[in-house]
Amino acid sequence: MSADRVSYTLDSTLETVNNAEETASRMAAEAGFDDEEVMKISMAVREAAVNAVLHGNAYDPNKKVTLAFERTPRDLVIVIRDQGKGLDASKIPDPLAPDNLMKTSGRGIFLIRSFMDVVEIHPSHTGTEFRMIKHVPGNAADSKEAPQ
Amino acid sequence: MSMKSSTRQVDGVTIVDLSGRITLGEGSVVLRDTVRDLLSKGQKKILLNLGDVNYIDSSGIGELVSAFTTAKNQGGELKLLNLTKKVHDLLQITKLYTVFDVKEDEAAGVKSFSK
Chain A
1 MSADRVSYTL
11 DSTLETVNNA
21 EETASRMAAE
31 AGFDDEEVMK
41 ISMAVREAAV
51 NAVLHGNAYD
61 PNKKVTLAFE
71 RTPRDLVIVI
81 RDQGKGLDAS
91 KIPDPLAPDN
101 LMKTSGRGIF
111 LIRSFMDVVE
121 IHPSHTGTEF
131 RMIKHVPGNA
141 ADSKEAPQ
Chain B
1 MSMKSSTRQV
11 DGVTIVDLSG
21 RITLGEGSVV
31 LRDTVRDLLS
41 KGQKKILLNL
51 GDVNYIDSSG
61 IGELVSAFTT
71 AKNQGGELKL
81 LNLTKKVHDL
91 LQITKLYTVF
101 DVKEDEAAGV
111 KSFSK
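Protein chains in written order, with the numbering used here: chain A, 1 to 148; chain B, 1 to 115.
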């Protein structure tokens, strides 16, 4: 299968969060993931979209969220970018720490990391980019690398 | 799909039957308003039936924590009933499964509340 890429530019609204989740669910299913993995991927995208809309762009109607999906034989690559001030991931508290366990927020990025194979967070003064990768099960690339 | 909530009384315990999604926005607000309304009316033994809740995001998890803490701080008890596998797994990986009092059987859940 050749690389297949699609991207969207979306408003900073809750509707964007729901659309991102639904699109991720469809793309993941088309890429061949089973129902459980589809749920994990769509939830990771939802959480990243929530982060972009709420914490990045703060619902600013002048700021956009870009969402891109790329399918390769090996991976489903999803990139979400906002136009906020840039997230400092090192300052995000560990939601599993005893002192944080009963907090009512702060679990989104933890869930993203739990559900995706690779998560890169690239903050800058013009926004934050989440690059998330899920390896496609039984992909052609794996077959090529298998011992002869 | 939005979330629906209905309540019923069984032996002094308020069972809240929830269905749909507890996510940022409407679903979380419905849960918050329902629990706060019950507590304000003095109904402090609350069993949240999540059997028909098919999706919870981090905001929804936060609302469950908030509902649990709010009930406890007002001298009440809030327990969870009939978790789906998805919700069960989410509470496991966030280490909240042992924080909540989770019941699998409604009758036993009702009896478990202090008299």
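Treat the hints as calculated values from the structure; they're not laboratory data. It cannot be assumed that every hint is accurate.
Unchecked claim - Here are the simulated DSS-like cross-link-like pairs (lysine-lysine), alpha carbons at most 27 Å apart as the crow flies:
#1 A:K63 to A:K91
#2 A:K63 to B:K4
#3 A:K85 to A:K103
#4 B:K111 to B:K95
#5 A:K63 to B:K95
#6 B:K4 to A:K40
#7 A:K40 to B:K95
#8 A:K91 to B:K111
#9 A:K40 to B:K111
#10 A:K85 to B:K86
#11 A:K103 to B:K4
#12 B:K4 to B:K72
#13 B:K86 to B:K41
#14 A:K64 to A:K91
K40 of chain A paired with K95 of chain B [C-alpha distance capped at 27 Å]:
Given pair K40 of chain A, K95 of chain B holds - Cα atoms ~17 Å apart, limit 27 Å.
Given pair status - K40 of chain A, K4 of chain B, alpha carbons within 27 Å:
holds, 24 Å
Just to be careful, I want the Cα atoms of K111 of chain B and K95 of chain B compared with a cutoff of 27 Å; is the pair within it?
The given pair, whose Cα atoms are some 26 Å apart, holds under the 27 Å limit.
Taken at face value, is the distance from the CA of K86 of chain B to the CA of K85 of chain A at most 27 Å?
Violated, because 34 Å separates the two Cα atoms, which is more than 27 Å.
Quick one, are K86 of chain B and K41 of chain B close enough, alpha carbons at most 27 Å?
The given pair, whose Cα atoms are some 32 Å apart, is violated under the 27 Å limit.
Within 27 Å, alpha carbon to alpha carbon, are K4 of chain B and K72 of chain B?
holds, 24 Å
Would the pair K103 of chain A and K4 of chain B pass a check requiring their Cα atoms to be no farther apart than 27 Å?
With Cα atoms ~25 Å apart, K103 of chain A and K4 of chain B stay inside 27 Å; holds.
Hey, K63 of chain A versus K95 of chain B, does the alpha-carbon distance stay inside 27 Å?
violated, 35 Å
Please work out if K64 of chain A and K91 of chain A have their alpha carbons no farther apart than 27 Å.
With Cα atoms ~24 Å apart, K64 of chain A and K91 of chain A stay inside 27 Å; holds.
Is K40 of chain A close enough to K111 of chain B, meaning Cα to Cα at most 27 Å?
violated, 35 Å
Can the restraint linking K85 of chain A and K103 of chain A be considered satisfied, given a maximum Cα separation of 27 Å?
holds, 24 Å
Satisfaction of hint between K4 of chain B and K63 of chain A, Cα-Cα up to 27 Å
Between K63 of chain A and K4 of chain B the Cα gap is close to 33 Å, so the pair fails against 27 Å, i.e. violated.
Violated hints for the displayed structure, listed by number in ascending order: 2, 5, 8, 9, 10, 13.
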